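Use the sequences and the hints to build the structure in full.
Those sequence lines, one after another, are chains W and U. Residues in the first sequence are numbered consecutively from 1, following our numbering. Residues in the second sequence are numbered consecutively from 1001, following our numbering.
Hints were generated in silico from the structure; no laboratory data involved. A quick note: this is a predicted structure, and the numbers were derived from the prediction, not measured. Keep in mind that a hint or two might mislead.
[Claimed, not checked] Cβ pair distances, simulated, as ranges:
#, chain 1, residue 1, chain 2, residue 2, range
1, W, L8, U, E1009, 14 to 22 Å
2, U, V1004, W, T27, 48 to 56 Å
3, U, S1096, W, A5, 37 to 45 Å
4, W, D53, U, G1034, 35 to 43 Å
5, U, W1065, W, A5, 24 to 32 Å
6, W, R55, U, A1090, 36 to 44 Å
7, W, I74, U, E1009, 34 to 42 Å
[Claimed, not checked] Pulled a few chain W residues facing chain U out of the computed Cβ check, cut under 7 Å:
#, residue
8, I46
9, A47
10, F51
Every residue gets a Cβ at the ideal spot worked out from N, C-alpha and C, and that includes glycine.
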Amino acid sequence: MSVLAFSLLALGVAFVLAITRAALGPTPFDRVLAVNTIGTLAVLAIAVYGFFDGRPEFLDIALLYALINFIGTIAILKYFRFGTLGDHPHSSKKDKSE
Amino acid sequence: MSMVWQIIEIVGYISLGLGSLGVIFGALGLLRLGDIYQRMHGSGIVDTGGAGLILFGLLLLSPDWTVSVRLILIGFILVMTSPTATHAIARAARVSGVDGKLSRKLKPKPKVKPKPKTKGAK
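Dropping the structure here:
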């Protein structure tokens, strides 16, 4: 039981360190990397807290969070690259005419 | 038979503690290393060592087989997605021109640059 509490504490410390990097990060990619790590830490924290509280049904939430974290990272990177999330900017005719 | 379960529980707790240490050291590397390509190393420690050991420890502590299936599924998804996300971040940083600290030392600057002058004149 105390090992689970220690694990939650360690995950909290890692949260603080990763959030500090996300706040300090000089380039946007540092922030994206830190947010990706925070998502992985959140998945682990949800899973460990489910065991700590005796309710392993929390693992379903951790599963969904892992999927959404990946999709969110790829979406942010695509936004950095193309400026939009939906349409590809080179496929629209306005940009070509300009 | 009960001794085997006790040993499995102890191994699960040890794996959980080691995974917690891995998570702390990975996050420390993410904070303290000097460059985005070096910080990816710390992020990789969190994604592989920390997450793998914590999920393995929880797998040994799981009371039911449905919980074990969910833990294996979470581990599979993390193993599949986190290298892909890190690779995408590295490629995006490289394409957008973020230089590493070591690569700047290794790459000498070209002495003659005719192309920017023509672009500036145009």
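Hints, one by one, checked against the model:
no. : hint                         : verdict
1   : W:L8 to U:E1009: 14 to 22 Å  : holds, 18 Å
2   : U:V1004 to W:T27: 48 to 56 Å : holds, 51 Å
3   : U:S1096 to W:A5: 37 to 45 Å  : holds, 42 Å
4   : W:D53 to U:G1034: 35 to 43 Å : holds, 39 Å
5   : U:W1065 to W:A5: 24 to 32 Å  : holds, 26 Å
6   : W:R55 to U:A1090: 36 to 44 Å : holds, 38 Å
7   : W:I74 to U:E1009: 34 to 42 Å : holds, 39 Å
8   : I46                          : violated, 10 Å
9   : A47                          : holds, 6 Å
10  : F51                          : holds, 6 Å
Checked against the numbered hints listed earlier, the structure breaks hint 8 alone; every other hint is satisfied.
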